[in-house]
Amino acid sequence: MKTHKKELWFDIPTRRAFINITPDVEDCLRKSGIKEGLLLCNAMHITASVFINDDETGLHHDYEVWLEKLAPHEPVSNYRHNVGEDNADAHMKRQIMGREVVVAITDGQLDFGTWEQIFYGEFDGRRKKRVLVKIIGE
Amino acid sequence: MKTHKKELWFDIPTRRAFINITPDVEDCLRKSGIKEGLLLCNAMHITASVFINDDETGLHHDYEVWLEKLAPHEPVSNYRHNVGEDNADAHMKRQIMGREVVVAITDGQLDFGTWEQIFYGEFDGRRKKRVLVKIIGE
Amino acid sequence: MKTHKKELWFDIPTRRAFINITPDVEDCLRKSGIKEGLLLCNAMHITASVFINDDETGLHHDYEVWLEKLAPHEPVSNYRHNVGEDNADAHMKRQIMGREVVVAITDGQLDFGTWEQIFYGEFDGRRKKRVLVKIIGE
Numbered sequence: 002m003k004t005h006k007k008e009l010w011f012d013i014p015t016r017r018a019f020i021n022i023t024p025d026v027e028d029c030l031r032k033s034g035i036k037e038g039l040l041l042c043n044a045m046h047i048t049a050s051v052f053i054n055d056d057e058t059g060l061h062h063d064y065e066v067w068l069e070k071l072a073p074h075e076p077v078s079n080y081r082h083n084v085g086e087d088n089a090d091a092h093m094k095r096q097i098m099g100r101e102v103v104v105a106i107t108d109g110q111l112d113f114g115t116w117e118q119i120f121y122g123e124f125d126g127r128r129k130k131r132v133l134v135k136i137i138g139e
Numbered sequence: 002m003k004t005h006k007k008e009l010w011f012d013i014p015t016r017r018a019f020i021n022i023t024p025d026v027e028d029c030l031r032k033s034g035i036k037e038g039l040l041l042c043n044a045m046h047i048t049a050s051v052f053i054n055d056d057e058t059g060l061h062h063d064y065e066v067w068l069e070k071l072a073p074h075e076p077v078s079n080y081r082h083n084v085g086e087d088n089a090d091a092h093m094k095r096q097i098m099g100r101e102v103v104v105a106i107t108d109g110q111l112d113f114g115t116w117e118q119i120f121y122g123e124f125d126g127r128r129k130k131r132v133l134v135k136i137i138g139e
Numbered sequence: 002m003k004t005h006k007k008e009l010w011f012d013i014p015t016r017r018a019f020i021n022i023t024p025d026v027e028d029c030l031r032k033s034g035i036k037e038g039l040l041l042c043n044a045m046h047i048t049a050s051v052f053i054n055d056d057e058t059g060l061h062h063d064y065e066v067w068l069e070k071l072a073p074h075e076p077v078s079n080y081r082h083n084v085g086e087d088n089a090d091a092h093m094k095r096q097i098m099g100r101e102v103v104v105a106i107t108d109g110q111l112d113f114g115t116w117e118q119i120f121y122g123e124f125d126g127r128r129k130k131r132v133l134v135k136i137i138g139e
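Chains as they are written, first to last, in the working numbering: chain B, 2 to 139; chain R, 2 to 139; chain W, 2 to 139.
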């Protein structure tokens, strides 16, 4: 059994953003030399997500509006977590979008459907944050 | 280490449905011969889910009503993604229900609690779509 | 390849609670002797969650309020699942918070960001329930 690990770093200049990290994850997989196995990709921060969906800007706009409706940023004082912080909503948005994805590796490739792409979802940016890629297999 | 892969195909005649795929997944596991390890089961489409919950029709009705309230299909024009499409809500519903499950394999069985069953959640059906099962272990 | 399995038991005296189980999961990892691999931790019940977020009581209060707004317990009769039961809302809350987490193991440790902690989320307690920890690696 082989394992391979890589951390991806982000410093998003806005509070919220969706970044397609599929090429970075594919690069990790290539470097690992692993042909068959499982790949875990997770946010290492609790106000960010890693998720799989469509690389379509209209949809990303819709996600932004929808998440803001389900877990509004304002009024900041509505959340008890917001004592010296203003990111309680980011902890909620991240639960809906998820912390992690697990992807099958087959013949040295991410075993994906046609439109599957991996995204980093930032909900409390403007500082350096990390994503972990861990691969196990042969 | 052994790996095994199978794609399950669906062609749901309605827009939305929940299908119990536990017997299909158990069949994959049996064919793999793997006794100890991890099993990944994920939707290969971004408007569908794989999730674990109860096989109870009342609950499935409640999920349908609840998801429609959190991410309504109508009005279709409320979503920017819906240019030549009408499935933006399906991309949201899938995020709440999840893309994938990872299940422990112990003694050649899915290591499940009493009521755990695996479902395919279709939110934009009426066409052929796939689920991936990938198993690693020994 | 090595595998290790442990069940953690809970008997939460209230309907809902969030319990930090990170020390229990770390104890399983130590006992497994596994240094590199993946760890799955999942609720074995369909009205409970395992998730990763912050160990901060203000945030846990905010989650409780937020989940109750998205999937209210009352009126119990609003859910078809509630025939001889009153836990339909718990099945919804669990989908938002998630069934499971998969964690990378590196150098014999949970490969975590600074604030990541694993929680058992109970949404229908007052009875004995289980969490599964399954570890594979070397």
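Any given hint could be a false lead.
Copies of the same chain look alike in the list, so a pair counts if it fits in one copy or across any two.
[Said to hold, decoys possible] Taking lysine-lysine pairs in the BS3-like style, the calculated list, with each CA pair at most 25 Å apart, reads:
(1) Lys36 x Lys3
(2) Lys70 x Lys36
(3) Lys130 x Lys32
(4) Lys70 x Lys7
(5) Lys70 x Lys32
Note that these hints are calculated values from the structure, not bench results.
Quick rundown of the hints versus the structure:
1. Lys36 x Lys3: both (10 Å within a copy, 12 Å between copies)
2. Lys70 x Lys36: neither (42 Å within a copy, 43 Å between copies)
3. Lys130 x Lys32: Cα proximity of lysine 130 and lysine 32: one copy only (22 Å, versus 31 Å across).
4. Lys70 x Lys7: neither (34 Å within a copy, 38 Å between copies)
5. Lys70 x Lys32: Cα proximity of lysine 70 and lysine 32: none, with 41 Å in one copy and 44 Å across.
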